[in-house]
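With chain A fixed as given, assemble chain B onto it according to the hints.
Protein chains in written order, with the UniProt record's numbering: chain A, 1 to 276; chain B, 1 to 276.
Warning: the hint list may mix true and false statements.
No distinction is drawn between identical chains; accordingly, a pair holds when it is met within one copy or between any pair of copies.
Straight line, CA to CA, 30 Å or less: simulated DSSO-like cross-link-like pairs of lysine-lysine [stated by the list, open to error]:
id : residue 1 : residue 2
1  : Lys49     : Lys240
2  : Lys202    : Lys191
3  : Lys126    : Lys191
4  : Lys126    : Lys198
5  : Lys264    : Lys240
6  : Lys49     : Lys202
7  : Lys191    : Lys37
8  : Lys126    : Lys264
9  : Lys49     : Lys37
10 : Lys49     : Lys264
Read the hints as simulated data drawn from the structure, not as lab findings.
There are 2 protein chains.
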Amino acid sequence: MTELSTRTVFFISDGTGITAETLGHSLLAQFPEMRFKQVRVPFVDSIEKARDCAARIREAGRGDGARPIVFNSLVEPELVAGLRNADALFLDLFERFIEPLEMELGQRSTHTVGRFHGIADSLDYKNRIEAINFALAHDDGVSHAELDIADVILVGVSRSGKTPTSLYLAMQFGVKAANYPLIPEDFERNKLPSELHKHRRKLFGLTISAERLSQIRQERRPESVYASLENCHFEIDAAKRLMERERIPWLDSTARSIEEIATKIMQDVHLNKRGY
Amino acid sequence: MTELSTRTVFFISDGTGITAETLGHSLLAQFPEMRFKQVRVPFVDSIEKARDCAARIREAGRGDGARPIVFNSLVEPELVAGLRNADALFLDLFERFIEPLEMELGQRSTHTVGRFHGIADSLDYKNRIEAINFALAHDDGVSHAELDIADVILVGVSRSGKTPTSLYLAMQFGVKAANYPLIPEDFERNKLPSELHKHRRKLFGLTISAERLSQIRQERRPESVYASLENCHFEIDAAKRLMERERIPWLDSTARSIEEIATKIMQDVHLNKRGY
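If we strip away everything but chain A, and leave its shape as in the complex, we get:
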């Protein structure tokens, strides 16, 4: 068998390149046997920078002994021409879609792809920043203030994934998510923390396998009762009973990424904050 060669992959954009990179990652993940070296080149907004990119692409091709793959989200014809002055597989993200959209909508596009990220004072953007501040101020039950403006309140045992999920909901969707730990005291009383009772309809639970939870907790507090498998089993079972009794919808976070958990919550709670 021949050794697998490395291909260099470029994500090129006049903005942050995050769109090109997101799509590129999804596509490259389709070829798990390949080795890719990935290079992000953002803010390519002049012909000089486009030509410089072409030079980097040529150099990578010589180094690899195989032509690079380029995910390109530039649209300005002059920049695209400067970039294409290299041997590579060019995959143009926008070119292919803008024309059918223009036809469908009967409108010319503004041809400013990427730049939209710059609208830092759009309403959508402000909502996201506010939601991030909200998530931080309402992490781990630290504040009961303003729970009435929360879009969702996550509950679950310590280390079940509430904090990263709250932050992702804020950052990606502009959703205000508070989160509240369920602690042994709650299980003894077999009741929700009293502050949460009146917001019961906003609650969403996260659970996790005892094995995974114990593993995560061991990393933080090795050899503690807190991290022991037995205690994790106890807390998770008690939390599930409590959530079932209170009819709180819940999700197992064990084998899910925060993107998946957040998207599921959006779907289940019928949240749709992006109103364009």
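Frame of chain A; chain B shown alone:
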């Protein structure tokens, strides 16, 4: 003039739909005059769900009096066929790119687009979660522990954008970012906080216009000296002098989104954590 009609736009995926939505948003932003109603339909992983989607598309088309636009990241032929059983402009995200990639790489793709988000225990994913925990534990200078493992340490006056930027760096790029406020005490001494001195090469500054800063601070502490335009001018000028003296690279966050700020930092600090 006729009134602008609304078009319904669907983002359809067998995973979270975040890739479809990211690309779709960039493209729709090209048509700022249009009004779009956006609908995310994630986890379409059965023929029943695909057919149900088609029904929703038909219904939206009837409601709008114009056919919907569908950003589709399904690849399984049976699901795609079920979906296409509706009148719409279908923009297939993957179909167009997978074939040229297969040709170029001389390999068949696994045809499991979207599913890769599920690899919640990949190394990349673990790095991101660790980085989020790091950012939270090192927000606003609360901890000096482990600054030696930070990839970057953001500095700047209070409310210059350090916290959301740190979180975004963690979430999107898996970069461990601490952040440290520059406070009047530092300006009086005209020195960096002593804990930061030995990590000087990891520092990156954020600044902001005094007008914008005052506006942001007014929302939190109206009518305070802290939020006054005069005090904001003073703090920002002092912070800039300090950063220049210490040769800390810095960036103005005023008109930039957190995505742009984070991408600039990645570029300037030559961070590239994603090694595929």
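Results of checking the hints against the structure:
In this assembly of identical chains, the alpha carbons of Lys49 and Lys240 lie at most 30 Å apart only when taken from different copies (29 Å versus 56 Å within one copy). In this assembly of identical chains, Lys202 and Lys191 lie within 30 Å of each other by CA distance solely inside one copy; the values are 16 Å within and 47 Å between copies. Neither within a single protomer nor between protomers do Lys126 and Lys191 lie at most 30 Å apart by alpha-carbon distance, with minima of 36 Å and 33 Å respectively. Taking CA atoms no more than 30 Å apart as the test, Lys126 paired with Lys198 passes inside one copy only; the shortest distance there is 28 Å, against 36 Å between copies.
In this assembly of identical chains, Lys264 and Lys240 lie within 30 Å of each other by CA distance solely inside one copy; the values are 18 Å within and 44 Å between copies. Taking identical chains as interchangeable, the C-alpha atoms of Lys49 and Lys202 lie at most 30 Å apart only when they sit on different chains, with a minimum of 27 Å there against 49 Å within one chain. For a Cα distance limit of 30 Å, the shortest separation of Lys191 from Lys37 qualifies neither inside one copy, at 52 Å, nor across copies, at 41 Å. Both within a single protomer and between protomers do Lys126 and Lys264 lie at most 30 Å apart by alpha-carbon distance, with minima of 24 Å and 20 Å respectively.
Within a single copy, Lys49 and Lys37 get their C-alpha atoms as close as 21 Å, which meets the 30 Å cut-off; across copies the closest is 36 Å, which misses it. With identical chains, the CA atoms of Lys49 and Lys264 are at most 30 Å apart between copies only, with a shortest distance of 15 Å across copies and 41 Å within one.
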